[in-house]
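First to last, the protein sequences are chains A and B. In terms of the working numbering, the first sequence opens at residue 56 and continues consecutively. In terms of the working numbering, the second sequence opens at residue 356 and continues consecutively.
Because the hints were derived from the structure by calculation, they are not lab data. Since the structure is predicted, the reported quantities are computational estimates derived from the model, not experimental observations. Please note that a few of the clues may not be correct.
Below, simulated DSSO-like cross-link-like pairs (lysine-lysine); rule was C-alpha separation at most 30 Å, straight line [as the list claims (entries may be wrong)]: (1) A/Lys179 x B/Lys553; (2) B/Lys494 x A/Lys150; (3) B/Lys368 x A/Lys74; (4) B/Lys494 x A/Lys197; (5) A/Lys197 x A/Lys175; (6) A/Lys197 x B/Lys757; (7) A/Lys238 x A/Lys264.
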Amino acid sequence: MMEDIIVTKDLSKTYVLGKITVPALKATSITIKRGDYISIVGPSGSGKSTFMNLLGCLDTPSSGHLYIEGTDVSILNENQLARIRREKIGFIFQKYNLIPTLNAKDNVALSMSFVGVNLKTRIKRAEELLELVDLSKRMDHKPSELSGGEQQRVAIARALSNKPTIILADEPTGNVDTKSGDKIMSILEDINAQGETIIVVTHDPIIAKRANRNLHIQDGEVRETAY
Amino acid sequence: MGRCEKLLIDNLKLALKNINERKTRSFLTLLGICIGIMAIISLMGIGEGMQQAITGELSSLSDTIVLSTGDISANAFGGGGFEHGDGDEYLTDRDISDIERINGIKDVSPILFTAGVITFNGDSNSVSLVGIDAENMEKIFGIGVLGLESGEFISEGKQNTCVIGYNIAYEYFDADIKLGNRIDINGKNFAVVGIYNKQGSGMSTETDDNIHITQRDFEKITGLSDSSSAIIRIYDVTQADEIAEDIEMAINENHGDEDFANAITMTSLIESIQQILSIAQVVLLSIASIALVVASIGIMNTMLTSVMERTREIGIMKAIGATNKDVLFIFIMEGILISIIGGIAGIILGIFGSNALSTVLTSSFGGALNPVISTSTIVLAILVAILVGMLSSLYPARKAAKMSPIEAVRYE
């Protein structure tokens, strides 16, 4: 039986805009197990990004609790959250979000520097990860010299660099062509097959169907659905 | 290697990449700090050079006490010597013999001053005439700061010879006066045996318009034997201050006036000069510091622009695990690096600048001035550069560190 890796208990987020309060995520209680491959779907403004940001420790909940590998992260301070992000979570953004001044190898190695991995090990691991995403010949290229699909694969390599327990992908195929999108999803599925937990936010029902669990968000309410 | 050291090296590399990415802006920013440090190095080099030149030369005279009466004290060395108020302020024979009786005195040489007329090739001009013992003439005026441009000092016992100031040799008459030429001083014929270096108005002495002759010749051609100054040499330099006090007391007692005479030791003279130079240096450095303040504002402006431009990058770094402190260090490191590069360029230009400045100063005012830039000055300049870089990037760096990762990642 797989262990619980993410547990939310009445997790909610409310934004206050002047006198108006906007409930972006209503009390949500779900459990995600190690090795799950989860898709999150829902219309724009439904609360997908808010949920992702909370799961990724980029934001703090208004109420409720979020446990990552048993640690209640909803009570951690900024630096402790940064530590959780760099050690347990790998992010893949829709717009790749690579550092423009660094080449592919350095982009992948950067997050390892925050953990204190030495340069030699960092570079070796960055090269291995770029080989894994089939970019061994593009390692020294800057983001501006790479295609959208290639940039997203660099972002996947970066997400894997600190051997996280959870990969959070926000519309990972949103900005690439179908062929590149398929390749990206194949890579993520290979990673999942090795036991990594993958959570993908997507608009695309075809991509959502590839996951083994599906969460649907509407008006801040999270429901588990079946495709 | 700990996490901190690794982060330091990583931040350094990241900072270098960012500086390289924005070359023109970085260059203009570091130009500010470069100019500031250059100004500081140049001024400190010149100031230190001046102090060393003056104190170094005067130190060789540490066994000498200069005695002056009344208002003349400030000019005793240079022979301007005509400012004392009335004729009663001369040293008497009794004064001289009283000084000679004080313990520790090696010898006493009165200095005589008056105006004279010299004639060369039929043309005449007024000059300042100084009478001093041949031995002391070389000892006092032979030092490097003053020094001879050509020739030699008057030999002991030699009569009707003189050493002339630079202006007298080259500017007073249509034709230059050369060594060996003969001139008339107050109608008596003298041979020119030495010509002083050009001193200019910037130096403490005014020998350019003076003629130095022996005391004996002075008395012979002017009929004057009263002096208002004297050079006194002592055996033990450690007793200079005490002996100077004894001399003042003896002379003042002779004339019944507490402020009749001033006995200045070289040590106190050096201290006074050093104090004046230090004050001048502080004033000049304060002015140069304004350039650093401007440079610091420049760095802050550049870093603030950089933080704004890289908001998304900051968000990404935070998302992948950078703490507030990591982000803070990245930007502070960038500010420091810009400052250090500018500082090093400033030090190099400052070394050239101080040499150029000393050339301009010596050609305008005469004398010899070698700028002195010590290792401590260079270390200080680098430390100042680091401090300026750190302080001016602190606010932008804090701004970057406090950014919310979500908002920063979303920033377009």
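We went through each hint and held it up to the structure:
1. A/Lys179 x B/Lys553: It is violated: about 71 Å lies between the C-alpha atoms, which goes past 30 Å.
2. B/Lys494 x A/Lys150: At roughly 83 Å apart (the allowed maximum being 30 Å), A/Lys150 and B/Lys494 break the hint.
3. B/Lys368 x A/Lys74: Violated, at roughly 47 Å.
4. B/Lys494 x A/Lys197: violated (74 Å)
5. A/Lys197 x A/Lys175: holds (20 Å)
6. A/Lys197 x B/Lys757: holds (28 Å)
7. A/Lys238 x A/Lys264: With Cα atoms ~16 Å apart, A/Lys238 and A/Lys264 stay inside 30 Å; holds.
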